[in-house]
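Enquirer: Read off the chains here:
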Amino acid sequence: MRTKTFAAVLFLMVTAVMMSPTSISWAKGSVGEVLVGNVSAMTGPTSGTHMMCQSGSKDYLYYLNEKQGGIKGEKGQVKVKYVSYDSQYVATKAKDGFARLRGQGIIVLTHCASGHSDALQVDYERAKIPLVTGSHGIASVWSDWAYGNYHSGVANMIRTWIVWCKENWEKEGKPGGQLVLGCVATDEPFVPLALWDIDSFVKEQGIKLVKETIPKGTTDASPQLLRLKEAGSKAIFVQSSAPGAVVILNSAKAMNLGIPMTQCAAATLGDVIALGGPELAEGYQGEYFFEPMSKNPKYEDSQGMKLVKELWAKNHPGEKPNDMYVNGIMSGMVIAEGIRLALNEVPPAELTGETLKKYGLDRIKNFDCMGLSKPITYVEDDHIGPKHLRYWVVRKGVLEPVSDWIPTTDFRIPKK
Amino acid sequence: MAHTTYYPPSGIYADSFKKDIRIVKTRTQLILAVSAMLLLVAVPLIPGLNSPYLLRLLIGIGITIIICLGLNILTGYCGQLNIGQSAFVMVGAFTSGLLNHSFGWSFWACVIPAGMVAAAVGVVFGIPSVRLKGLYLALTTLGAQIILTWVALFHIPLTSAGFTVEPVKIGSFYFDTPERFYYIALVFTAVMAFAAKNLMRTRWGRAFIAVRDNDRAAEAMGIDIFRYKLIAFAICTFYAGVAGSLLVHYMMWAQLESFTLNDSIWYVVMIIVGGLGSIEGTIFGVIFITALKELIFVIGPMLEGTLAFLPIGAGSGLLLVIIGGVAIFFLIFEPRGLAHRWNLIKAYYRLWPFGY
Chain X
1 MRTKTFAAVL
11 FLMVTAVMMS
21 PTSISWAKGS
31 VGEVLVGNVS
41 AMTGPTSGTH
51 MMCQSGSKDY
61 LYYLNEKQGG
71 IKGEKGQVKV
81 KYVSYDSQYV
91 ATKAKDGFAR
101 LRGQGIIVLT
111 HCASGHSDAL
121 QVDYERAKIP
131 LVTGSHGIAS
141 VWSDWAYGNY
151 HSGVANMIRT
161 WIVWCKENWE
171 KEGKPGGQLV
181 LGCVATDEPF
191 VPLALWDIDS
201 FVKEQGIKLV
211 KETIPKGTTD
221 ASPQLLRLKE
231 AGSKAIFVQS
241 SAPGAVVILN
251 SAKAMNLGIP
261 MTQCAAATLG
271 DVIALGGPEL
281 AEGYQGEYFF
291 EPMSKNPKYE
301 DSQGMKLVKE
311 LWAKNHPGEK
321 PNDMYVNGIM
331 SGMVIAEGIR
341 LALNEVPPAE
351 LTGETLKKYG
361 LDRIKNFDCM
371 GLSKPITYVE
381 DDHIGPKHLR
391 YWVVRKGVLE
401 PVSDWIPTTD
411 FRIPKK
Chain A
1 MAHTTYYPPS
11 GIYADSFKKD
21 IRIVKTRTQL
31 ILAVSAMLLL
41 VAVPLIPGLN
51 SPYLLRLLIG
61 IGITIIICLG
71 LNILTGYCGQ
81 LNIGQSAFVM
91 VGAFTSGLLN
101 HSFGWSFWAC
111 VIPAGMVAAA
121 VGVVFGIPSV
131 RLKGLYLALT
141 TLGAQIILTW
151 VALFHIPLTS
161 AGFTVEPVKI
171 GSFYFDTPER
181 FYYIALVFTA
191 VMAFAAKNLM
201 RTRWGRAFIA
211 VRDNDRAAEA
221 MGIDIFRYKL
231 IAFAICTFYA
241 GVAGSLLVHY
251 MMWAQLESFT
261 LNDSIWYVVM
271 IIVGGLGSIE
281 GTIFGVIFIT
291 ALKELIFVIG
301 PMLEGTLAFL
311 PIGAGSGLLL
321 VIIGGVAIFF
331 LIFEPRGLAH
341 RWNLIKAYYR
351 LWPFGY
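Order-wise, the sequence lines are chains X and A.
Using our numbering, read the first sequence as starting at 1 and increasing by one per residue.
Using our numbering, read the second sequence as starting at 1 and increasing by one per residue.
Derived from the structure by calculation, the hints contain no laboratory data.
Incorrect hints may appear among the rest.
[Claimed, not checked] Derived DSBU-like pairs: lysine-lysine, alpha-carbon spacing no greater than 35 Å straight-line:
| # | chain 1 | residue 1 | chain 2 | residue 2 |
| --- | --- | --- | --- | --- |
| 1 | A | Lys293 | X | Lys79 |
| 2 | X | Lys67 | X | Lys253 |
| 3 | X | Lys309 | X | Lys203 |
| 4 | X | Lys320 | A | Lys346 |
| 5 | X | Lys314 | X | Lys234 |
| 6 | A | Lys133 | X | Lys216 |
| 7 | X | Lys314 | X | Lys166 |
| 8 | X | Lys128 | A | Lys293 |
| 9 | X | Lys358 | A | Lys133 |
| 10 | X | Lys128 | X | Lys171 |
| 11 | X | Lys415 | A | Lys169 |
| 12 | A | Lys133 | X | Lys128 |
| 13 | X | Lys314 | A | Lys293 |
| 14 | A | Lys197 | A | Lys346 |
| 15 | X | Lys81 | A | Lys133 |
| 16 | X | Lys320 | X | Lys365 |
| 17 | A | Lys197 | X | Lys216 |
| 18 | X | Lys298 | X | Lys174 |
[As the list claims (entries may be wrong)] Chain X is nowhere near these chain A residues, computed Cβ spacing over 12 Å in every case:
| # | residue |
| --- | --- |
| 19 | Ser51 |
| 20 | Arg56 |
| 21 | Gly104 |
| 22 | Thr140 |
| 23 | Ile170 |
| 24 | Leu247 |
| 25 | Val298 |
| 26 | Ile328 |
Backbone N, C-alpha and C define an ideal beta-carbon position, used for all residues, glycine too.
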């Protein structure tokens, strides 16, 4: 009896899965409704960031459905239906997910994962479905079908910081005669890409960069920080996600390092404050391509930030603000703007990935996401996005700006 | 291990060793096997079953079956624990990808070298097996996962960045869609599964089992246990390498993040759930776990959409809980895996109505 029951349960489960792809016609986009797809890692090491990005884009698009009845252009109006798939940050799963969402009829894909941007490139290009990404990969940054709204390529994080440090040093009258900067990195997969050919860049800039690495999972970075200090580093760039940054900050505090440190865009200062606490993060700097949610309330909010906070309060009651949510909201805004522009040219029934690209996303110019970022303009061969960032510092648990918006460097890792 | 009392079909006698080791013993089995193959061949042509999503799932299952077959030969049949299988898949994947990307070799020229390079690396990491057993050996394979990933990440710029790989082609015909690549995956899976099944009927297969069951007794009977352990490592990692080659030519993109320790753990879970020391069990385990994962992936977001109180990601987060629970369930209640259940179902069918 047990055997029969076991077999029956197994059969039902497998049948349910096998049938599920065939029963998805309910979600097909009808006239007046378009499907936006999201393939993100809702589980796995990057899930925190990805969930926030997904939540932001979904909340914004559903907000438009509620408040305005959808997205309206001169030739019609559409409501958005948002469908998602958990990739676990596995490229093959991301591809499976894209196939599923494509079968459901999505006209645009969004996410925040550079690895996915690259692994999916051949899929979204062939399907002629544009990707609006919160994180360009090194290959997708060259793609005509990928549109970014975040940093201008992983290798520009440290490059832009070097330029900023050099400008400040020059303004101070070049103290010491030689600018020495430090970089401490974890052995995470993105780090070799972030430091791609950095030696050539450092040589061009005429400065000295001392590099140190800490193993992921270590609890002490004192030896590395000590070496950077002994080398005379004037400032230190931290190439790490938030857990690594907290280890580095702990070590810096224990040894009373006294050298300003800056977090790369792989994590937000908000993440570091949440993980390590405001006291540990005090004085820590970070780079933002958008207006952070965790900034000091004394600074006036842009229209976009007011909306971000409203949506956050509604959809995440009682939760602490998360800066990556803004990144997701921006993806939603770019998608909505693209659809709005496309609907000025084609009726809802003709809204496809191709028409969205041609009449919508390719025509986005000077779009500042209601003041959340510097204006985004997409032109041929350049779908990078804002291309400006601003440095912020933690003061008493909130962020204060330490720079104005500055243009990022425009390095691209060679196309593979 | 998947030892189950075997009930041969009524009237089927194994009056010679050759007959005893036949894979297909009855006409019914032959008809069912041929029908199953025909059905699998026809899947891309059947409306409702030929969605790209489903075909991608089936391709993924096929490639994972190859990986797990190798692992089951080493772990299930030869008794050598390996928790770094994903690293050997990576070696095959990058070997094939680099040969294609840098030298323009086609998939057909890359696939065997990919398997052989993975096998060579596997043998190197298998050498400690002569002195180490169980968890200690597992740690050396874990070391393989860490070392190989580190080399790919920090010492080969191309593999750390990811690169494009050409799809499989024959002449000017490209297998670059799920509908087309499905047949490549099907053929490779069938051939590799048949080879694994056959291997267990050979001298090598029997030596593996002897080493697994009692290596001292095996040595006393004249089996060179060091040699056979290394052969098992080589076969296991050859399978991984071939699967890696298939994977990158299917994805048309080679990326380090596709080969993690997590994947290695999944492969072990799959062969435990399916049945250690069973070719059929490997197939069952891969299908079962993949189906379970997909079920959760599909239901998770639906639950989140329907039940407003669930936080975003909660549905998918259930995956780890459920899969962990399933692994524990099988270890406690069905340590011999799905293969054992399958044998019980067959026995029930054959003995009916005298099952009790």
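Enquirer: If a hint holds in the structure, say so; if it doesn't, say that too.
Expert: Okay, the hints, checked on the actual structure:
no.	hint	verdict
1	Lys293(A) to Lys79(X)	31 Å, holds
2	Lys67(X) to Lys253(X)	48 Å, violated
3	Lys309(X) to Lys203(X)	43 Å, violated
4	Lys320(X) to Lys346(A)	57 Å, violated
5	Lys314(X) to Lys234(X)	44 Å, violated
6	Lys133(A) to Lys216(X)	28 Å, holds
7	Lys314(X) to Lys166(X)	43 Å, violated
8	Lys128(X) to Lys293(A)	28 Å, holds
9	Lys358(X) to Lys133(A)	61 Å, violated
10	Lys128(X) to Lys171(X)	48 Å, violated
11	Lys415(X) to Lys169(A)	23 Å, holds
12	Lys133(A) to Lys128(X)	52 Å, violated
13	Lys314(X) to Lys293(A)	31 Å, holds
14	Lys197(A) to Lys346(A)	19 Å, holds
15	Lys81(X) to Lys133(A)	54 Å, violated
16	Lys320(X) to Lys365(X)	33 Å, holds
17	Lys197(A) to Lys216(X)	41 Å, violated
18	Lys298(X) to Lys174(X)	34 Å, holds
19	Ser51	5 Å, violated
20	Arg56	5 Å, violated
21	Gly104	15 Å, holds
22	Thr140	19 Å, holds
23	Ile170	20 Å, holds
24	Leu247	7 Å, violated
25	Val298	5 Å, violated
26	Ile328	17 Å, holds
In this structure, the earlier hints numbered 2, 3, 4, 5, 7, 9, 10, 12, 15, 17, 19, 20, 24 and 25 are contradicted, and the remaining ones agree with it.
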